[in-house]
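Novice: Taken in sequence, the protein lines are chains A and B. The numbering of the first sequence is the working numbering, which starts it at 5 and goes up by one. The numbering of the second sequence is the working numbering, which starts it at 2 and goes up by one.
Hints were generated in silico from the structure; no laboratory data involved. Careful, some of the hints might be misleading.
Under the rule of at most 20 Å between Cα atoms (straight-line distance), these lysine to any residue pairs were calculated in the SDA-like manner [to be verified]:
hint: 1; chain 1: B; residue 1: 78; chain 2: A; residue 2: 31
hint: 2; chain 1: B; residue 1: 20; chain 2: A; residue 2: 720
hint: 3; chain 1: B; residue 1: 78; chain 2: A; residue 2: 865
hint: 4; chain 1: B; residue 1: 67; chain 2: A; residue 2: 13
hint: 5; chain 1: A; residue 1: 70; chain 2: B; residue 2: 32
hint: 6; chain 1: A; residue 1: 865; chain 2: A; residue 2: 879
hint: 7; chain 1: B; residue 1: 67; chain 2: A; residue 2: 31
hint: 8; chain 1: B; residue 1: 78; chain 2: A; residue 2: 906
hint: 9; chain 1: A; residue 1: 713; chain 2: B; residue 2: 32
hint: 10; chain 1: B; residue 1: 78; chain 2: A; residue 2: 879
hint: 11; chain 1: B; residue 1: 67; chain 2: A; residue 2: 32
hint: 12; chain 1: B; residue 1: 20; chain 2: B; residue 2: 36
hint: 13; chain 1: A; residue 1: 70; chain 2: B; residue 2: 20
hint: 14; chain 1: B; residue 1: 20; chain 2: B; residue 2: 65
hint: 15; chain 1: B; residue 1: 67; chain 2: A; residue 2: 879
hint: 16; chain 1: A; residue 1: 865; chain 2: B; residue 2: 60
hint: 17; chain 1: B; residue 1: 67; chain 2: A; residue 2: 17
hint: 18; chain 1: B; residue 1: 78; chain 2: B; residue 2: 60
Here are the in silico distance ranges between beta carbons for each label pair [said to hold, decoys possible]:
hint: 19; chain 1: A; residue 1: 10; chain 2: B; residue 2: 73; range: 35 to 43 Å
hint: 20; chain 1: A; residue 1: 501; chain 2: B; residue 2: 26; range: 48 to 56 Å
hint: 21; chain 1: B; residue 1: 109; chain 2: A; residue 2: 23; range: 47 to 55 Å
hint: 22; chain 1: B; residue 1: 107; chain 2: A; residue 2: 85; range: 41 to 49 Å
hint: 23; chain 1: B; residue 1: 81; chain 2: A; residue 2: 66; range: 21 to 29 Å
hint: 24; chain 1: A; residue 1: 44; chain 2: B; residue 2: 23; range: 18 to 26 Å
hint: 25; chain 1: A; residue 1: 93; chain 2: B; residue 2: 41; range: 51 to 59 Å
hint: 26; chain 1: B; residue 1: 81; chain 2: A; residue 2: 23; range: 24 to 32 Å
hint: 27; chain 1: A; residue 1: 23; chain 2: B; residue 2: 73; range: 25 to 33 Å
Glycine is no exception: its CB is placed at the ideal position from the N, C-alpha and C atoms.
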Amino acid sequence: MAQRLHRRVMMALRSFLRRRTVERELDDELRFHLEQMEAFAETRGQKLAEAGPQTPRYVNGLDQLKEACRDMRTLRPLEEFLGDLRLGGRRLRKNPAFTLTTIITIALGIGANAAIFSLLNAVLLRPLPGVQSPDRLILFSDGSFEGSVVATTPEAGPVAAYSFPLYNRLREQLQSFDDIAAQQSNTTGAVVHHAAADGGDGAPASARCVTANYFQVLGVDPLLGRTFRADDQTSPGANPVLILSYGYWQRRFGGTPSIIGSQLIVNGFPYVVVGVTPAHFTGTKIGAATDLWVPITMQAELMRRESRLSSGDNTWWLLVMGRIKRDVSLRQAQAEVNLALQQFIAEAPGFANAGAARQRVHAELFPGARGVSSPRRQFGLSLLVLMAGVGLLLFIACINVSHLLLARGARRQAEVSLQLALGATRSRIVRHLVTEGLLLAVLGGIAGLAIGRWCTTGLVRLASAGQTPLVIDTTLDMRVLAFSAFLIVATAVLFGLVPAWQTSFIHLSGSLKAKPPTGFGSPGRRAYARLLLISQVALAVLLLVGAGLLTQTLWNLQEVDKGFREDNVLVVNLNSRLTALSPQQLAQVYEQLLDRISSLPIQSASMATDTPLSGNTNTTDISIPGRPFALGDDMEVQVTVVTPRYFETMGMRVGEGRGLTPDDRAGAPRVTVINEALARRFFVSGDVLGRGLRTGGQDQDLTVVGVVKNARVNDLRSEPRPIVYLPLAQSPDFLRGLQVRTAGEPATLAAEIRQIIRNTNADLAVNEVSTLGQQVTRSLARERLLATLSGAFGVLAMVLVCVGLYGVLSQSVAQRSAEIGVRVALGSTRGGVQWLIVRESLVVVLSGLALGIPAALATGKGMAGLLFGLNAVHPQTLIGATAVIVVVTLSASYIPAWRASRLDPMIALRTE
Amino acid sequence: MMGKPTDLLQGTLDLLILKTLALAPMHGWGITLRIQQTTGDVLQVRPGALYPALHRLEHHGWIVAKWRDTASGRRAKYYSLTRAGRLQLERESEQWRRLSSAVTVLLETV
């Protein structure tokens, strides 16, 4: 049976594709018949005229005969579809204004959707690029990222880290996995020198330590050279080999293959390049590309820190991932990992006094197919909200196209009536119109895809304004294409089917005789148009309220009391670890540096453990003499080591007591300044100054000499955490942040300050120079992206709604001109006539609002996680959105209303 | 998949063509002649009916066409019966016999 169908299709295809051959054969066959017939007639001695029914007389309709033969051969549906398509194309060409408007509307709608979806796909859906069978990859987390046993890094987030001894124990013990690998949870900034290429003064590369089996566990094969082998992880410091990422290899070394085997100096230590990874592999963290990998045994050399590889080490700095065995479930693996984890912690000496933190340790395994994605957390909800918004926009656009088609359908009534009268079936006519809709949708969709590609690039750039450039793979894949195709078909059906169906319902009597009507025709059609308008208004309410909430959020964040002044401050991000100096020695370097900078025209300069708003923080547990320790108390606070003029430079206010001064030097009484949050949590108000406080690991109390006002130095969103500020002279440390409050425009001093840093110590690496204002702007990248896009959606929605409303009302006026004429003739005033039309739009708008506002309230709740400083139910925003809609729609309806009131009753009556 | 129900006329023509081709492959004109001769000029097939029927039967896969030289050296399209065509011929013959006997019975009893 299948065979037969196959043959039929082949035959039809042959008829279709090799039309000319088939035609010629048909010709030949029939000519042969005629010739034979003539010859036969002659042999019988008959004259052709009397020859009977098989004479050419009966073959007069040769063309009809051929057509009949052709009919027998073809697959009708295909032919008809192509016919419909040709007809549709012809009709669209005949009406370029309509066609263009429609295609642009659809293209914008689909383009915006494709763009947001591409981002969503790259960030949320796409499996880890370049990794073999990613579905068996499992990420480990210990589920507690608040206790002191776990290193919390802003980059790693809830994927809490593991220590090297724990990793080793797990690797030996676990049966559920083929193998497990570990990598450093965040990257290390690496200064890379290459003797042959350049001096290495560029931006630092991001490097990562990984276990030697890392690439095997991921199933990544090298593009060049090799990946790490077991013998690349022998003993600390003994494996100076590295692997480059494709991107870095291209950027820095121009993709030259001779890089394999050559020597690179990374953070002062020589390594041999042994391999390059393939282009699509960018590491296991979506959005943050790694430039080079070194074996974990090189940790101390890479980080320029103490080694973390000893068997008793208690630094939790590794992310662990494993390849689960085929027949093992995630739950089984999780049980096994937790057992091992509890055992390890019970035995580990470092946990003897970890107290409550120990009980909190619990490993959570989750599928790692999509890798660790910080953009997923950062942008996940935002993208979903944007996707919903852009979907609504497409819906609104579809409704407008629907209006256009509906109006067109009405104008085409006569044509359709004629077709029906000539025997066309209703289904055929609906099919015509749907084909036309499909044609529009496909054309619009293709244009939309192009627009979408373009928008995606722009969006990535906009989103990358954050802390780190967003490295995500947004190339078109099947999922994006399928999604777009789905949108195209869905839009075609959405806007095409109902108008088509309605157009085909025509009463033959009457519509043929009458002139084509100018409006929407039947009352049913008008009701449908009104229904469309109502849903448009409702959707617009959703978009406007969303835009309002997000804009308000951005506004609130910009206006929040930061506790510091961001004007005129230059911020330098330094790496001091490459100087090979101890913190004690560095303290002098820092002093010298600040000294030299103060010769510039500045107000003050200071240094601190980290740059503001970088998200990097150091934390410690504190204890307070005389205050009983209760189990479950959260004693964790943030520690920031600063130089004396830090508060002045940052523009932070000292509320009580004093700030830090140069007199708080080594040997002087140990002091600290705390922030209000800490004072409020641990001390009695008014009894803070002079009290003692002890940070973890110290054997001496610090005296609180001052309380500064809370400042949102970590990020603008969260409430300030308790912070302990320590003077550098009394707690030497590696400092990363240099802040300079300038008299004028800070950026103008950037070059000079760089020069001073280089002159002070050539090994002080400058990671970045920016202004505090830029940091603030950057930290709001996501909020700005959301506010901008949702605002644009809101405006577009309003424009579309107005266009729709205007169109429908204009047609309504045209259609009711006779009625209006009668009313005017009977003494209705202009105002009365205008009210007639405005009332029509008012009904629509109010119904739309009645539907939209409850929906908007629900949506607001779904977005609560994105909001700042306002409730999801925000009356001002609701009222604002309502006001905008009422005002804008009423002004859109005023023009048709005004026109209606100007109708000359005589002319209006005569038109019927 | 059964063939489409055909009306009597068309079905009859199909039957005649299939039966004629069961003897030997033939071109359209040959079929015309053959039917005319065997029925003693009672049944005459017009090209307007014959050729669409041939193309339809080919479409159904009951017959296949091949270009061959005739005895006189002209190229002509020869049709021959397929296995499916032979089955179809049996079915249609059976149907025709039932129909004609029914009609005969009817005509004789009344």
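Novice: Each of the hints needs a verdict: does it hold here or not?
Specialist: Right, here's what the structure says about each hint:
For the proposed pair residue 78 (chain B) and residue 31 (chain A), the alpha carbon gap of about 11 Å is at most 20 Å, so the pair holds. For the given pair, residue 20 (chain B) sits about 92 Å from residue 720 (chain A) by alpha-carbon distance, which is inconsistent with the 20 Å threshold. Note on residue 78 (chain B) and residue 865 (chain A): the hinted pairing is violated, with a Cα-Cα distance of about 76 Å set against a maximum of 20 Å. Of the supplied pair hints, the one linking residue 67 (chain B) and residue 13 (chain A) holds, its CA atoms being roughly 19 Å apart against a limit of 20 Å.
At most 20 Å may separate the alpha-carbon atoms for a hinted pair to count; residue 70 (chain A) and residue 32 (chain B) meet this at roughly 18 Å. At most 20 Å may separate the alpha-carbon atoms for a hinted pair to count; residue 865 (chain A) and residue 879 (chain A) meet this at roughly 13 Å. A distance of roughly 15 Å separates the Cα atoms of residue 67 (chain B) and residue 31 (chain A); the hinted pair therefore holds under the 20 Å criterion. Distance restraint check for residue 78 (chain B) and residue 906 (chain A): the Cα-Cα separation of roughly 75 Å exceeds the 20 Å cut-off, and the hinted pair is therefore not satisfied.
Taken as a hint, the residue 713 (chain A) and residue 32 (chain B) pair is broken in the structure, with Cα atoms around 108 Å apart against an allowance of 20 Å. Under the criterion of a C-alpha separation no larger than 20 Å, the hint pairing residue 78 (chain B) with residue 879 (chain A) is inconsistent with the structure, at around 83 Å. Of the pairs offered as hints, the one joining residue 67 (chain B) and residue 32 (chain A) holds, with about 13 Å between alpha carbons and a cut-off of 20 Å not exceeded. Proposed proximity of residue 20 (chain B) and residue 36 (chain B) is supported: the alpha carbons are some 10 Å apart, at most 20 Å.
With a C-alpha separation of about 24 Å, the suggested pairing of residue 70 (chain A) with residue 20 (chain B) is violated against the 20 Å cut-off. Restraint check: the Cα-Cα separation between residue 20 (chain B) and residue 65 (chain B) comes to about 14 Å, which is no more than 20 Å; the hinted pair holds. Restraint check for residue 67 (chain B) and residue 879 (chain A): not satisfied, since their Cα atoms lie roughly 82 Å apart, outside the 20 Å limit. With a C-alpha separation of about 63 Å, the suggested pair residue 865 (chain A) and residue 60 (chain B) falls outside the 20 Å cut-off, and the hint is violated.
A distance of roughly 18 Å separates the Cα atoms of residue 67 (chain B) and residue 17 (chain A); the hinted pair therefore holds under the 20 Å criterion. At most 20 Å may separate the alpha-carbon atoms for a hinted pair to count; residue 78 (chain B) and residue 60 (chain B) meet this at roughly 15 Å. Checking the proposed 35 to 43 Å range against residue 10 (chain A) and residue 73 (chain B) shows it holds: the Cβ atoms sit about 37 Å from each other. The beta-carbon spacing between residue 501 (chain A) and residue 26 (chain B), approximately 51 Å, falls within the hinted interval of 48 to 56 Å.
Checked against the hint of 47 to 55 Å, the C-beta distance between residue 109 (chain B) and residue 23 (chain A) comes to roughly 53 Å, which is consistent with it. The hinted range of 41 to 49 Å is satisfied by residue 107 (chain B) and residue 85 (chain A), whose Cβ atoms lie roughly 47 Å apart. Remark: the range hint 21 to 29 Å for residue 81 (chain B) to residue 66 (chain A) is upheld by a beta-carbon distance near 26 Å. Remark: the range hint 18 to 26 Å for residue 44 (chain A) to residue 23 (chain B) is upheld by a beta-carbon distance near 23 Å.
With their beta carbons about 56 Å apart, residue 93 (chain A) and residue 41 (chain B) fall inside the hinted range of 51 to 59 Å. At about 25 Å, the beta-carbon gap between residue 81 (chain B) and residue 23 (chain A) stays in the expected band of 24 to 32 Å. The hinted window of 25 to 33 Å between residue 23 (chain A) and residue 73 (chain B) holds, with their beta carbons roughly 30 Å apart.
Comparing the model with each earlier hint shows violations of hints 2, 3, 8, 9, 10, 13, 15 and 16; every other hint is respected.
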